[in-house]
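Residue numbers (the working numbering), protein chains in the order written: chain A, 15 to 277; chain B, 170 to 459.
Think of the hints as simulated: they come from the structure by calculation, not from any bench.
The beta-carbon is built from N, C-alpha and C at its ideal position, and this holds for glycine as well.
The reader is advised that the hints may include incorrect statements.
[Stated by the list, open to error] If we take Cβ atoms under 10 Å as the criterion, some of the chain A residues that face chain B in the derived model are:
id, residue
1, Ala36
2, Leu66
3, Phe68
4, Ser248
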Amino acid sequence: MRRSIVPRLILALTAACIVIPAALLAVWSFTARWPWPNLLPERYTPRTVSELLFGSAKLSRLLGSSIALAAAVAVLGTAIAVLTARAEALYRFRGKELIRLGSWLPLLIPGTVFAIGFHMVLLRLGLADTVAGVLLVHLVAALPYCITIMADVTRAVGFGLEEQAAVLGTGPFRAFFYAALPSLLPGVLSSMSMAFTLSYSQYFTTLIVGGGRVKTLALVLVPYIQGGDRALASVYAAAFTGSALAVFGIFEWIIYKVQRGGT
Amino acid sequence: MKKPDFTLILLLLPLALVTALVLAACGAVLLQSLGHVPAFGLAGLTLGYYRDVFHDPDFLGALAVSLSIALKSAILAAALGTALCAALVARRKTGGPMVYLVRFPILAPHAVAALFAILLLSQTGLLARLACALGLISDFPQFPQLLYTPGYEGAILAYLWKEIPFVAYFSLALMSSVSATLGEAAQNLGASPLRAFFTVTLPLSLPAISKAFLIIFIFAFGGYELPMLLGATLPKALPVQAHLTYMSPELRDRPYAMAMYGTILILSAAMARLYALLTRRLMKKLGGTV
Chain A
15 MRRSIVPRLI LALTAACIVI PAALLAVWSF TARWPWPNLL PERYTPRTVS
65 ELLFGSAKLS RLLGSSIALA AAVAVLGTAI AVLTARAEAL YRFRGKELIR
115 LGSWLPLLIP GTVFAIGFHM VLLRLGLADT VAGVLLVHLV AALPYCITIM
165 ADVTRAVGFG LEEQAAVLGT GPFRAFFYAA LPSLLPGVLS SMSMAFTLSY
215 SQYFTTLIVG GGRVKTLALV LVPYIQGGDR ALASVYAAAF TGSALAVFGI
265 FEWIIYKVQR GGT
Chain B
170 MKKPDFTLIL LLLPLALVTA LVLAACGAVL LQSLGHVPAF GLAGLTLGYY
220 RDVFHDPDFL GALAVSLSIA LKSAILAAAL GTALCAALVA RRKTGGPMVY
270 LVRFPILAPH AVAALFAILL LSQTGLLARL ACALGLISDF PQFPQLLYTP
320 GYEGAILAYL WKEIPFVAYF SLALMSSVSA TLGEAAQNLG ASPLRAFFTV
370 TLPLSLPAIS KAFLIIFIFA FGGYELPMLL GATLPKALPV QAHLTYMSPE
420 LRDRPYAMAM YGTILILSAA MARLYALLTR RLMKKLGGTV
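Chain B extracted, bound-state conformation (with noise of 0.2 Å):
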């Protein structure tokens, strides 16, 4: 490998002023959460938002929402994800038709699949008049109610049809490879195929799916459209919170809703700071590198 010099400057200079803007960005909306708003006269640095957020019971009722929606749909998705994943590995479906299909739903914005959720799973949806067509319902408001509902039942849904096949997507390369050199060796060695899946590739192929489930806790904890266009009035998610409040036409609102912002801010780093140190010590434990 060669030694720095001036062309390795030039080539990370894209990546480092990007960076530098997403870093400016967390620092913007940091800065305001802790009061300083010069352009609205608001100056000083208080953490007095942040207490007052964590007083205010619609404030409080909605991080919960948004907690209960990323780590349902996160460990359900991982879950679900890594059996799709062996099920495509189990039948080596690597690539070809299958896995474009499973990629669909990858590429889909979140937006087509709340559309997909309401025409499926809406009271009058395709669901239920299945229901009522084989007889297990007569009219539509005995169908369970999964939208706009206060535990955000299809937000999850709409979350896991898009998050499975990302999680048996991103995982697949590091199964298919493991299932096919040390998952053989361990059935050629008298291992039942099911035990060979669950004390050997399930655990090599943890890296990739442990980083899955990361990715998606994130996206769904400070994720706006499918709690928003699937959620219930109250208790609302805490985007979309925080997004109220950021449109409100009261300025003086402004450093409340960065505190909402804030706060997604610092519960998602706290959230990849823990999987860091959870990875290391999981993979010092299996020994092996990540």
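So here's chain A without its partners, still in its complex pose (with noise of 0.2 Å):
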């Protein structure tokens, strides 16, 4: 099979399929005019970047309380995800699989009707149209992948050094965050990362338990894409698309150096 060409037209019209789609939002996203049926635009214009930055949405506001709001998502997501993790990897007790379950049933239930029964609840808490409903609804969404994420790496470093610091005098919570910890880190990161890109990218959830009053940059992306204006739409998705990889990107970079300096 290595010797066959399948697997490399397989690998190269997957990277076409990925690359072609990307350029072509960088080029609309400048395109003034483009009319039919021309390969490439008549006239391209700084309009679309000038609505972006200065126009009615304010860009810096929604990228900040978006980003924010991921952050947070992130950090939470993933400290739940590491109790979770060790209290599986730790302990023997009935019932484990239903903390399975637990942590995949918001896999199994389709996001949008979570959001329609969450903001239901979220009226009796008091916390409905308010950013920790959204929050809340958003860490729902992450914790399942922030959950496999950490059980895979605590199975796999285990407890000995964490045991060892336990021996020799250490209180348990100096134990885990000097002994435990820095082995861990690496999954902690890359589940901060998932959990910060799929917070990030949340509409529907956003949209009901946030009750149009949280405002992310999701959000107001898809008015844009139904308003039918390719350019502008493709410059906020391009604003949108860029700020998530230059997060994603800082993640891999650090998550990278740690596994560089710790082996």
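Hints are included, so try docking the two chains, each in its own frame, into the full complex.
Next up, the structure:
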């Protein structure tokens, strides 16, 4: 199979299907006029970029709030995942299957349904249409991935170092922070990066649970796509994708550094 | 392993709280779908709203559309994603730039995938322009309409753009380890690469592939953005129809919307149950464990 040409073809086709739309997005972002049937635009313009930066949607504020929200989801989701993974790997108890089912549950329930139900529950709790409510619903969406990642890493790292530290007289919290956490760090970072991108791209859950009062970049992007102005939609999509990739890149770079420093 | 103690309760408490919220959310939807909405002066439990929506041709059309979108995108994504995964393993590209590239569609939100579909596949999109430049068509109405059609081809293609890489990435770790050990062994014993793949590597990679299939099916069945942005006016996809009913100013429509959401919920749960049963039987047959 390695000598066959088929795998090469599959990979080349895949790369084309991913790179071409991304390039097209970049071109459309600056397009002023692109009449049929030309293969390239006739005229380019910076109008869309100035609309993006100085227009009604206030990009800087949107970026700030979306990133802050996603970062909070990343930290909280990963913290919960670290605790759950520890319980699963360290203890023998009845109902372990239930824990696994519970952590998988949000993947088995379509986001549209639990967003609606969540909104009703949050209305009771007085958290509907608030940032805290949106944070909670994003957390639910991210948790299955965080827990899967942390469970794998926790099982692989084990508890040997921590036990040694405890034997030498270290308290449990110090033992965890100094002996276990450094080896868990790559997993912690990839869990955070996963949770960040999931929260960053939530649309329906934010729309319903935020009740239109909580605005994120993903939320304002959709009306532009519905609106039919391809250039404006493209520049917003490019800003969205670019900022998400930048944060993702930073996480990957830190993971790379940590792993190289650690071994 | 340790025995349960107080620390265990503390460790599991956050997940338990979140799970309780999720179950409460499902319960709230189901309760309203049975007609219990005290805030709107509706009380008592009845299956009447389910009976009514299942007699409504718009709802039945939406249900059929959503099942078809979910089945087509999950089957095609699983098959093509497995092929992509096998190609990555065969070319030893299990890390590095190619994998980063493959992860891009997974990270991109559905709205961006929808925009890509519009820019590429619409009748004045890049593919139509290419077809015209190559002389395949002479004007844009001759290009096949893929977006806003009752068959939801555009939404399915956009799902595939996201989910083929998802299947490949999700199965990559398992398939590459199976291939490097038992797959190589089969080849050393004289199996052709293709035979080693289909009789050893593929069956042993099935747990990951089938799990990815389930996740995609449920996601595409309940997904809102892609059918909303790329779909036809009629029939609507079920989540779009449900949201429309939910937003209706007529408060008495609320239980009907909830019956639609309830249907999505119940069918997704049934699908997950079916998956659990099938994988258990399959694993027994193969003599392995999940």
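Each hint tested on the structure:
no. : hint   : verdict
1   : Ala36  : 7 Å, holds
2   : Leu66  : 15 Å, violated
3   : Phe68  : 22 Å, violated
4   : Ser248 : 7 Å, holds
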